[in-house]
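**Q** Just so you know, the sequences run in chain order W and H. For what it's worth, this note's numbering labels the leading residue of the first sequence as 3, then goes sequentially. For what it's worth, this note's numbering labels the leading residue of the second sequence as 2, then goes sequentially.
Hints are computed from structural coordinates only; laboratory data are not their basis. Predicted model only: the values in this text are computed from it and were never measured. You may find that some hints are simply not true.
[To be verified] With a Cα cut of at most 20 Å, we get these calculated SDA-like pairs of lysine to any residue: (1) H:Lys567 x W:Ser189; (2) H:Lys572 x W:Thr179; (3) H:Lys572 x W:Ser189; (4) H:Lys567 x W:Ser115; (5) H:Lys572 x H:Ser558; (6) H:Lys572 x W:Thr192; (7) H:Lys572 x W:Gly194; (8) H:Lys567 x H:Thr531; (9) H:Lys572 x H:His546; (10) H:Lys572 x W:Val190; (11) H:Lys567 x W:Val190; (12) H:Lys298 x H:Gly383; (13) H:Lys567 x W:Thr192; (14) H:Lys572 x H:Gly551.
[Stated by the list, open to error] Using C-beta positions, here's what the derived DEER-type ranges look like: (15) W:Ala52 x H:Ile262: 35 to 43 Å; (16) H:Gly102 x W:Leu48: 27 to 35 Å; (17) H:Gly102 x W:Ala52: 52 to 60 Å; (18) W:Pro188 x H:Leu367: 53 to 61 Å.
Idealized CB from N, CA, C, for every residue including glycine.
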Amino acid sequence: MRRDTWLWIAGLSLAVIALGGLMLDLTPDGQTRLSWIISMAGAALLALAATVWLRRRRPPSAGATRRITARQRILAGYVLAALAVAGTAIGLAVASVGWQHSPGFAQLWLVPSRIAAARGPAASQATLGVRSGYTDPEAFHLVLRRGTSTIGTWNFTLAGGQSWQQAIATQAGQHLTAQLTTAGQPSVQTVGITSS
Amino acid sequence: MAAGVLVISAAYAAGRSGSGGPVWSAAYWLGETVLFVPLVWRLLSRLRLGETEAVVLTLSLAIAIYLIKFFYSPAAFVFPDELEHWQATNGLLASHHLFGGNFLLPVSSTYPGLEEVASALVSVTGMPVFVAGLLVAGLAHLLFITALYIVFREVSGSPRVGVIGCAIYVTNPHYQVFDAIYGYQTLGLAFFGLALVAALRVYRLGSTSRGVAHQVRWWVLAVVLIAATVVTHHVTSYALAAALLLFAAVAAATARTRGSISLAVLAGTCVSFIAGWVALVAPSTVGYLTPALHSLKNGLVGILTAHATPGGTATPAGPVADQLAGYAATALIMTGLPFGWWQIWRTQRRDAWALALGLGAAAYYLLALLRVTTPDGAELAGRGLTFVYIPVSYTLAVAIAGPGMALLHRKRRAGRASWAIRAGQAARISLASVAALTLLFGGIAYGWPPYWERLPGRYVVDGFESGITPEGIAAATWARSTLGPGNRIATDYTNYLLMGSYGDQNPVGNLDELYCSPSWTVGDATLARTQAIRYLLVDLRMSQHRSLSGGYFTDRSTACPAPIPKQYLTKFDTVPGFSRVYDSGNIVIYALPGAYHAP
Numbered sequence: 003m004r005r006d007t008w009l010w011i012a013g014l015s016l017a018v019i020a021l022g023g024l025m026l027d028l029t030p031d032g033q034t035r036l037s038w039i040i041s042m043a044g045a046a047l048l049a050l051a052a053t054v055w056l057r058r059r060r061p062p063s064a065g066a067t068r069r070i071t072a073r074q075r076i077l078a079g080y081v082l083a084a085l086a087v088a089g090t091a092i093g094l095a096v097a098s099v100g101w102q103h104s105p106g107f108a109q110l111w112l113v114p115s116r117i118a119a120a121r122g123p124a125a126s127q128a129t130l131g132v133r134s135g136y137t138d139p140e141a142f143h144l145v146l147r148r149g150t151s152t153i154g155t156w157n158f159t160l161a162g163g164q165s166w167q168q169a170i171a172t173q174a175g176q177h178l179t180a181q182l183t184t185a186g187q188p189s190v191q192t193v194g195i196t197s198s
Numbered sequence: 002m003a004a005g006v007l008v009i010s011a012a013y014a015a016g017r018s019g020s021g022g023p024v025w026s027a028a029y030w031l032g033e034t035v036l037f038v039p040l041v042w043r044l045l046s047r048l049r050l051g052e053t054e055a056v057v058l059t060l061s062l063a064i065a066i067y068l069i070k071f072f073y074s075p076a077a078f079v080f081p082d083e084l085e086h087w088q089a090t091n092g093l094l095a096s097h098h099l100f101g102g103n104f105l106l107p108v109s110s111t112y113p114g115l116e117e118v119a120s121a122l123v124s125v126t127g128m129p130v131f132v133a134g135l136l137v138a139g140l141a142h143l144l145f146i147t148a149l150y151i152v153f154r155e156v157s158g159s160p161r162v163g164v165i166g167c168a169i170y171v172t173n174p175h176y177q178v179f180d181a182i183y184g185y186q187t188l189g190l191a192f193f194g195l196a197l198v199a200a201l202r203v204y205r206l207g208s209t210s211r212g213v214a215h216q217v218r219w220w221v222l223a224v225v226l227i228a229a230t231v232v233t234h235h236v237t238s239y240a241l242a243a244a245l246l247l248f249a250a251v252a253a254a255t256a257r258t259r260g261s262i263s264l265a266v267l268a269g270t271c272v273s274f275i276a277g278w279v280a281l282v283a284p285s286t287v288g289y290l291t292p293a294l295h296s297l298k299n300g301l302v303g304i305l306t307a308h309a310t311p312g313g314t315a316t317p318a319g320p321v322a323d324q325l326a327g328y329a330a331t332a333l334i335m336t337g338l339p340f341g342w343w344q345i346w347r348t349q350r351r352d353a354w355a356l357a358l359g360l361g362a363a364a365y366y367l368l369a370l371l372r373v374t375t376p377d378g379a380e381l382a383g384r385g386l387t388f389v390y391i392p393v394s395y396t397l398a399v400a401i402a403g404p405g406m407a408l409l410h411r412k413r414r415a416g417r418a419s420w421a422i423r424a425g426q427a428a429r430i431s432l433a434s435v436a437a438l439t440l441l442f443g444g445i446a447y448g449w450p451p452y453w454e455r456l457p458g459r460y461v462v463d464g465f466e467s468g469i470t471p472e473g474i475a476a477a478t479w480a481r482s483t484l485g486p487g488n489r490i491a492t493d494y495t496n497y498l499l500m501g502s503y504g505d506q507n508p509v510g511n512l513d514e515l516y517c518s519p520s521w522t523v524g525d526a527t528l529a530r531t532q533a534i535r536y537l538l539v540d541l542r543m544s545q546h547r548s549l550s551g552g553y554f555t556d557r558s559t560a561c562p563a564p565i566p567k568q569y570l571t572k573f574d575t576v577p578g579f580s581r582v583y584d585s586g587n588i589v590i591y592a593l594p595g596a597y598h599a600p
């Protein structure tokens, strides 16, 4: 095997996928798991056949036994040490993803139900929602007003990534406003819509 | 090298944990030094360098540098181009068909090579797109540098030139990050490099007596790799065509008729594939590249007529130390190239490939001028250096491996004490190592990421990678699930990227007029209507911080006050018909009149 054989195997594999994908795109199903598996298997068989053909006249090489020298053992030690250091570096990088400081936040939304396609027939409904982007559980206080009158208040606690959602009945021309307060936070988040 | 990688990983980790100050910035540079200098020392201090050692050093260097890119964002794609291709790959996986459109980078959907390879891997193995992307980009990165090594090695006949050439190439401003990201150029470069190797073998077929099968093999490989380059990345395929034409022309001039015909056939194949692809599949490429070509043309005309527009860059130039490193690296290369040319002329003037590489290196002077004389010259020169650095690296490597090594290891006076000889050599090698470090540091200073986000973790409003926060990602994810895909949404730069990728929206990032005035005017309403804007996103952090990247929107040349006064951004609360449908503290989304009813 030539030294650069691996290079051609890898490079040609990528090239065959890039070009073969164009052919798959012409099929009705396009690029699916099945079509990729079948085409890759076919390409591998073709490559195997080509290899056999190219090597048909080449005499089999005699297997040579090689002794591992002391220098090679030392080199192997260096390689292992380098791999250990690189592995530590990779571990540190992956672990440090969790160290990234990010201020928490809460998402508040109020949208007419018809915004999201096929969310029900209710032209007179809105969706009020909250999602916590804090790492720890946080207590929230939510107030919903129709014009100036309060029509609902909710107190709830959400863990990080957890959502709260409520369907709200609306009438045409009414203005709805929701205000969210997070415990211990001075700011108030506000959303508002006018039903049509 | 591994120790350098560890130091850089520690510096990045410190950046992410919020403690990345000057000390950790210095640690980053120390890491780069520890990674690079031992390699340089090894190459310059040994008079004998075997093939195996050269290959191992080249591959180790490429792997170490790819690890640095991986450490920058080990959990998700954050580079703008990566987000664009990540979204395109998700689109392909969902639709199973190509050319489905990409809101962020429309032209990329007509060059689907990268997405095809990654989506095939995802389809067959079930691994996440991020992991598949890392594997594909990493493999491509490795293949490209290996291909370069083979070209340098075979053209020069010397493993030392091969590995020195690769070591110089990695100092190219975009090698460490931009050419290693999950982007179509990364894979295109791998095909480009392999196509060059195949073309070199085709060229040399004439001088061997190998059989038909051998000849067919290299022709088939060359044509397949040229085709793969064409369907993967536009500019890389043009560079490949230009390189093949140059090699063919020089071969013809040096009377290698058979070789030059082979190369001309390959160049013609490449040009015809490009023409066919652009005409039939990717006509949008013309419109995409036209502004850059205009800029390039104007810059070149300016240089040739000595009426250059005083330069500058699209993004700020950076600290003085960065600029000095960049200029020093440029000066070193400009000084070194004539020595390489002299050496090529002296020892390889009959080798068409060596001559062509020497000729190609001359383009470096043009790019250096372009950088300082054209408004967006830094961007153009940076992109061009990815290709021009190949002949530059070869030419400099020839100079270093020839007269350079002789100079480093000369023994002046007979009878001089051996310790004095060794000390003199060590001093000269140290000096050469400093020069090599200057090249590396200059490349990093001119390269990516820019200075304000060299360590990850610090938030910079509308900075490229540094503008991406969990809050922005959450807003985009909410838009996808609640508003549905494909809405036209006006936004700033960072949220443009996030809305177009995580949000699957059709964002518009250059409507700065809507944000940069104290009141909502009839003109604003008309603009929003003509742009079919249904939602408008406001990131209130634009009122708290200046943008280090030169602007808040995709068109960074706009004259928006910095920071933008808060009342400019909160004016939308009082615009009749606007509904404030989303608020996450810093990010607010408004629905414009008719947003709910639009199809």
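**Q** Kindly confirm whether 27 to 35 Å is satisfied by the beta carbon distance between Gly102 (chain H) and Leu48 (chain W).
**A** Given range 27 to 35 Å: holds, Cβ gap about 33 Å.
**Q** Holds or violated: 52 to 60 Å for the Cβ distance of Gly102 (chain H) and Ala52 (chain W)?
**A** About 37 Å separates the Cβ atoms of Gly102 (chain H) and Ala52 (chain W), which means 52 to 60 Å is violated.
**Q** Next pair to validate is Lys298 (chain H) with Gly383 (chain H); report whether the Cα-Cα distance is within 20 Å.
**A** holds, 16 Å
**Q** Quick check on a hinted range of 53 to 61 Å for Pro188 (chain W) and Leu367 (chain H), using CB atoms only.
**A** Taking Cβ atoms as reference, Pro188 (chain W) and Leu367 (chain H) lie about 57 Å apart, which means the hint holds.
**Q** Could you grab the alpha-carbon distance between Lys567 (chain H) and Ser115 (chain W) and see if it respects the 20 Å cut-off?
**A** Distance ~31 Å between Lys567 (chain H) and Ser115 (chain W) Cα, so the pair is violated.
**Q** Does the structure keep Lys572 (chain H) and Ser189 (chain W) at a Cα separation of 20 Å or less?
**A** holds, 19 Å
**Q** Under the criterion that the straight-line Cα-Cα distance not exceed 20 Å, is the pair Lys567 (chain H), Val190 (chain W) satisfied?
**A** holds, 16 Å
**Q** Are the Cα atoms of Lys572 (chain H) and Gly194 (chain W) separated by 20 Å or less?
**A** Given that 20 Å is the threshold and the Cα spacing comes to 15 Å, the pair holds.
**Q** Would you check the hint for Lys572 (chain H) and Thr192 (chain W), treating anything up to 20 Å between C-alpha atoms as holding?
**A** holds, 14 Å
**Q** Between Lys572 (chain H) and Gly551 (chain H), does the CA-CA distance stay at or below 20 Å?
**A** violated, 24 Å
**Q** Holds or violated: the 35 to 43 Å window for the beta-carbon distance between Ala52 (chain W) and Ile262 (chain H)?
**A** About 26 Å separates the Cβ atoms of Ala52 (chain W) and Ile262 (chain H), which means 35 to 43 Å is violated.
**Q** Regarding the pair Lys567 (chain H) and Thr192 (chain W), is the alpha-carbon distance no greater than 20 Å?
**A** Answer holds: Lys567 (chain H) to Thr192 (chain W) is near 16 Å, not above 20 Å.
Comparing the model with each earlier hint shows violations of hints 4, 5, 8, 14, 15 and 17; every other hint is respected.
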